[in-house]
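Residues per chain are reported as follows:
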Amino acid sequence: MSKWIDPDGQARGLVYLDNAETTRLDPAVLDLIEGFMLDKYGVPAGEFGYGLEEEAGNAIEQARETIARRINASPEEVIFTSGGTESNNIAILGAARSSYYKGKRIVTSRIEHKSILRIVDKLTRQGFEKTLLDVDREGFVNPADLETSLGGTLLVSVQHANQEIGTMQDVAAIGEITRDSGVLSHCDAVQSFAKEKIDVQAMKVDLLSVSSHLIHGPKGVGALYVRDGVKLEPVLEGDDREKGLRPGTPNVGGIVGFAKAAELMTDADSARMRQLRDELIESLLTISDSRLNGPRGDDRLCNNVNVSFRYVEGEAILMHLDLKGLVVNTGSACYSQKLEPSHVIRAIGGSLEDSHSSTRLSLSKWTSKQDLAYAAETIKEVVETLRAQSPLARKVSQRR
Amino acid sequence: MTATSESSLAKRYGYSEKVMDHFKNPRNIGIIEDADVTSKVGSVACGDLIKLYLKFDPNSDQIKDIKFESYGCAANIATSSMMTEMVKGKTIDDARKVTFKDISETLGGLPRIKLHCAVLSRQGLETAFLKYEAKKGRVKIDESFVNRILRGVLEPVQGVDIISAKILENTKVDGRKISLGLNAKAGSELANSLAEDIGDAFEGLDLDLDLKFKD
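Just so you know, the sequences run in chain order A and B.
As numbered in our numbering, the first sequence has no gaps in its residue numbers, which increase by one up to the final residue, 400.
As numbered in our numbering, the second sequence has no gaps in its residue numbers, which increase by one up to the final residue, 1215.
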């Protein structure tokens, strides 16, 4: 449990379970970044750089190797970006603009991240067409659905792990189909990178997005895998850095920190989070009228828990928890700036009520058993408090 | 790390400290077993619903007691809590002078996107008054009455009442039989949600409701 100081100067414990939103920087990463900010502050330039430039250049190339190894790619196939949103935009816009002659259709799923759904939407206003793949009650797309929608398709983009309910898609089965048909395949792996195994060869993807800040790396840095031979039209124009796909001065410290953070995430971390995740799911489901959103077992992202509690609303849950030093997230419309309920819970067939009370808890490599015991106990208490105030809970208890 | 004291939390969510106080410690929360009238406005689908329980002095029309239950966000809880405090002890005529803006202002203001919560709590009060007056035989159950009650029934996605949302197409009143034409497909999620909410809105008035949905 980390400590924080409230405005009254009191030190309190904070249980942070919103690691799918962002994570705390690993202190070892900070040390490394500091060196690149204060001492080795050069940027790679031409081939005949002076010392500082060479140091920066070498550091970036080393980081590229680290990230490439993590996804079984070659270093030349990795470009650094400013994060998952930028990677997704470069991939989809870049593919649409370079491969428009192959087809007008982009196929994606209903439960993608907004950075995918919105850019695909935008393209439909510029002459492209879209197909949104349905998902089942646990959030899985059916790869067989692809077979019928591949005609005139230039790109298929299906995420690896879902940001809200943790569903892990069978990306390899999708890659099998797209590769055979000569259709480009992109995968948003922002949530799963360095937590779940990613092998771009086995998955048969052409493009894959990853990000740093969800694995205790710095914010504002990510990467895009671009398979050798795949042509993308640049979204940003400038110099030739990052193969011209991401021109501009590179975020050296960020890139180096990103790779370090990835190195510091181990299989043992994932295994431990998986174990704790399952324990948390079990204890939350002991609360009556609760329901797990997303699948169980190995097809669920190792750090994701998402439960809906009937008869209570998510923003009220979240604020009560926040006051007790527990940070979670909700799919409730009331919490969204646009008053829109979670598109993911709706897509899996959840009712509006299910989406209003959906509560996401996402673990980090530092989450402890004690953190989760506190979380489960506090959530139970808050759900009970709110149900005691809710006419819906009363109506049901009278019926029983 | 983020600070989560009450004041900083309020700032983060755009709520005043008074809203936070009423959210944390709602006044007049609960039910009145022998209420003279209850009213339920809003919708589960919308994530914004309240139920009010009122007891009146039969001679003076003074609100002797008022309680509420809530299914909704912090603003829903706080506006209902504040509304009950503001009208308790007032006569119906005086309570009717309290506007949704008064409720919001007394709470120190609400984020713009949460103002509809104050509107909903005020509508709940109006629905309760109308139902009480109908029970007492003081207002006629006619089309105007029915439409005023239906102002408390919401279209779930936009969160506006079904009259403004143009879902209510026509209202017919024949004695105690009320027929409503509704622009929603029979059997759809919207139709089911409306059927439940409209039933709740007229609960306790002993009326015969006939809802006509589209095929």
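No lab work stands behind these hints: they were computed from the structure.
Cβ coordinates follow ideal geometry from the N, Cα and C atoms, glycine included.
Do not rely on the hints blindly, as some may be mistaken.
[Unchecked claim] For lysine to any residue, the following SDA-like pairs were computed, each having C-alpha atoms within a straight-line distance of at most 25 angstroms:
| no. | chain 1 | residue 1 | chain 2 | residue 2 |
| --- | --- | --- | --- | --- |
| 1 | A | Lys324 | B | Gly1108 |
| 2 | B | Lys1018 | B | Phe1100 |
| 3 | B | Lys1024 | A | Gly13 |
| 4 | A | Lys204 | A | Thr286 |
[As the list claims (entries may be wrong)] Covered stretches of chain B (chain A as the covering partner; in silico rule of three or more C-beta atoms under 8 angstroms from a C-beta of chain A):
| no. | segment |
| --- | --- |
| 5 | 1124 to 1135 |
| 6 | 1142 to 1152 |
| 7 | 1172 to 1180 |
Check, residue by residue, whether the segment 1124 to 1135 of chain B contains three or more positions whose beta-carbon lies closer than 8 angstroms to a beta-carbon of chain A, and give the verdict. violated (count 0)
Closer than 8 angstroms Cβ to Cβ for three or more residues is the test here. Does the segment 1142 to 1152 of chain B pass it with chain A? Check failed, 0 qualifying residues.
Holds or violated: Lys1018 of chain B with Phe1100 of chain B, Cα cutoff 25 angstroms? 16 angstroms, holds
Counting residues of the segment 1172 to 1180 of chain B with a beta carbon closer than 8 angstroms to any beta carbon of chain A, are there 3 or more? Violated, because only 0 residues of the segment 1172 to 1180 of chain B bring their Cβ atoms closer than 8 angstroms to Cβ atoms of chain A.
Taking only the CA atoms, is the gap from Lys1024 of chain B to Gly13 of chain A under or equal to 25 angstroms? Answer holds: Lys1024 of chain B to Gly13 of chain A is near 20 angstroms, not above 25 angstroms.
Going straight from one Cα to the other, do Lys204 of chain A and Thr286 of chain A come out at no more than 25 angstroms? Judged against 25 angstroms, a Cα distance of about 40 angstroms means the pair is violated.
Does Gly1108 of chain B sit within 25 angstroms of Lys324 of chain A, going by the straight-line distance between their CA atoms? Since the Cα atoms of Lys324 of chain A and Gly1108 of chain B sit roughly 24 angstroms apart, the hinted pair holds (cutoff 25 angstroms).
Violated hints for the displayed structure, listed by number in ascending order: 4, 5, 6 and 7.
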